[in-house]
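*Asks:* I would like the entire structure built from these sequences, with the hints used as guidance.
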Amino acid sequence: MDLALAPETLARWQFGITTVYHFLFVPLTISLAALVAGLETAWVRTGKEKYLKATKFWGKLFLINIAMGVVTGIVQEFQFGMNWSDYSRFVGDVFGAPLAFEALIAFFFESTFIGLWIFGWDKLPKKIHCFCMWMVSIGTILSAYFILAANSWMQHPVGYKYNAATGRAELTDFWKVLTQDTTLVVVFHTLTAAFLTGAAFMVGIAAYHLMRKKHVKVMRTSLRLGLITLVIAGALTALSGDQLGKVMFRQQPMKMAAAEALWDKEAPAPFSVFAYGDVDKGHNKVAVEIPGLLSFLAHDDFSSPVPGINDVNKSEQQKYGPGDYRPNIPVAYWGFRWMIGFGMASFAIGLAGLWLTRKKFWLAPGLRTGDEEPPNLALTKNKVLGARLSKAYWSLAFVTLGFPLIANSWGWIFTEMGRQPWVVYGVLKTSSAVSPGVSQGEVLTSMTVFTLLYAILAVIEVRLLVKYVKAGPPELTDDDLNPPTKIGGDHTDADRPMAFSY
Numbered sequence: 001m002d003l004a005l006a007p008e009t010l011a012r013w014q015f016g017i018t019t020v021y022h023f024l025f026v027p028l029t030i031s032l033a034a035l036v037a038g039l040e041t042a043w044v045r046t047g048k049e050k051y052l053k054a055t056k057f058w059g060k061l062f063l064i065n066i067a068m069g070v071v072t073g074i075v076q077e078f079q080f081g082m083n084w085s086d087y088s089r090f091v092g093d094v095f096g097a098p099l100a101f102e103a104l105i106a107f108f109f110e111s112t113f114i115g116l117w118i119f120g121w122d123k124l125p126k127k128i129h130c131f132c133m134w135m136v137s138i139g140t141i142l143s144a145y146f147i148l149a150a151n152s153w154m155q156h157p158v159g160y161k162y163n164a165a166t167g168r169a170e171l172t173d174f175w176k177v178l179t180q181d182t183t184l185v186v187v188f189h190t191l192t193a194a195f196l197t198g199a200a201f202m203v204g205i206a207a208y209h210l211m212r213k214k215h216v217k218v219m220r221t222s223l224r225l226g227l228i229t230l231v232i233a234g235a236l237t238a239l240s241g242d243q244l245g246k247v248m249f250r251q252q253p254m255k256m257a258a259a260e261a262l263w264d265k266e267a268p269a270p271f272s273v274f275a276y277g278d279v280d281k282g283h284n285k286v287a288v289e290i291p292g293l294l295s296f297l298a299h300d301d302f303s304s305p306v307p308g309i310n311d312v313n314k315s316e317q318q319k320y321g322p323g324d325y326r327p328n329i330p331v332a333y334w335g336f337r338w339m340i341g342f343g344m345a346s347f348a349i350g351l352a353g354l355w356l357t358r359k360k361f362w363l364a365p366g367l368r369t370g371d372e373e374p375p376n377l378a379l380t381k382n383k384v385l386g387a388r389l390s391k392a393y394w395s396l397a398f399v400t401l402g403f404p405l406i407a408n409s410w411g412w413i414f415t416e417m418g419r420q421p422w423v424v425y426g427v428l429k430t431s432s433a434v435s436p437g438v439s440q441g442e443v444l445t446s447m448t449v450f451t452l453l454y455a456i457l458a459v460i461e462v463r464l465l466v467k468y469v470k471a472g473p474p475e476l477t478d479d480d481l482n483p484p485t486k487i488g489g490d491h492t493d494a495d496r497p498m499a500f501s502y
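In this note's numbering, the protein residues as written are 1 to 502.
By construction, these hints were calculated from the structure, which means they are not laboratory data. Glycine residues also receive a C-beta, built at the ideal position from the N, C-alpha and C atoms. Treat the hints with care, as some may be off.
[Unchecked claim] Derived DSS-like pairs: lysine-lysine, alpha-carbon spacing no greater than 27 Å straight-line: (1) K467 to K48; (2) K265 to K246; (3) K470 to K60; (4) K60 to K126; (5) K429 to K161; (6) K123 to K60; (7) K48 to K126; (8) K214 to K470; (9) K60 to K213; (10) K486 to K470; (11) K314 to K429; (12) K467 to K127; (13) K217 to K126; (14) K127 to K217; (15) K213 to K470; (16) K314 to K265; (17) K48 to K127; (18) K214 to K48; (19) K470 to K48; (20) K429 to K214; (21) K48 to K123; (22) K127 to K60; (23) K60 to K214; (24) K176 to K319; (25) K486 to K213; (26) K429 to K176; (27) K48 to K486.
[Claimed, not checked] For each label pair, taking beta carbons as the anchor points, the in silico distance ranges come out as: (28) P330 to L396: 28 to 38 Å; (29) K48 to I232: 16 to 26 Å; (30) T485 to A103: 30 to 40 Å.
*Replies:* Next comes the structure, spelled out in structure tokens:
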């Protein structure tokens, strides 16, 4: 049988498709919840209509996104049960605790406050209504924490013992699973990347409307919030990524050697800018490198040695037995670069946007729609320069909304494929984790069905987002501008039906 169609290979493809697709929605959910909560807080504190309009506009996009995230997440459970039964049996005792907490928070805590926020516009005082969205935001972050703790255990298993009689890993220290350095650094990196994603999403959509000179007040406010968040999150993502890299060098030296196409131990070790090599012979044919930088990234100095792929492979053969312990080198190498490249491109666009929209020079001084005029409109030099730059920047800013999504996807591909051939590093191989009774045809059928389902969901998601993005912020009603002062509303009609927020 062709190895490319083996059940294990197909199961890995299915896991990759479902996981990467689901993770497109997770960072947006985390970041948009907090950004919407921030905008609503600004409205509560200032009473300005632009903040309320922005809250309702971005809140609507948040709800579309989280609904799609829930649907795609459910499919994850099916593919685990069908294709990875041996894996589930092995890790079930360890994973049970963090996933139980995640389920309680995601499906009880988050869903309760989301419901209150959706239906509570005319029933709750605005401070309590705003509090509900902050609780949603906290819930999304805690939910992500428990999921990432479980995944970090796969990268660096701690707080367990192996029961040879049952062939399972058994949890011995739940707190250690939650607080090991891998978990803490991964959570930090994932959350900062999530806010990079949400900020770029906000900047891109705001740029779309400003390019058309529509909804200027709301979109200028959204743009500035998005740009500030984009720059802060971009800087923190780089910082957390550096810390994560150091942790990986200690715990998974093969993954980081593969990420740099470093074949043999070097001191000092160079950082690879571009490389093309022969995987079978274990060397690079072409290499463009920055001397000593990889040593600094791994050890905070420019001279320490860093083991290469060949060295780590020999070491793991001695430790775990005969075999090839190298991951897919081209995927690890280029996935690492796509992740960094697209993420930092968004950061750079954010920096440019902050400079161009500072108080002394508004990027698009030609905006006149009856809304508030940009500052310093009378400055002719700035006006001419802004007119020349605006069209190019709006287009670039609009495109950047997709950059962090690409970076996130490649980041997860690198994280999971760089660990191969292990599904639990150093403990359980991927080949031992698949369902033994599932045939090639069954996996191929389920993968095809799920992929088609996701394609249909993608069409629905994009059409909904495009529809409501084009529509822009809603017009406010008297009820919107005069929220109730007590729980249950100020209306005398006790039988008045609960109103949906949109």
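*Asks:* Among the hints numbered above, which are violated by the structure, and what are their numbers in rising order?
*Replies:* 10, 12, 20, 25
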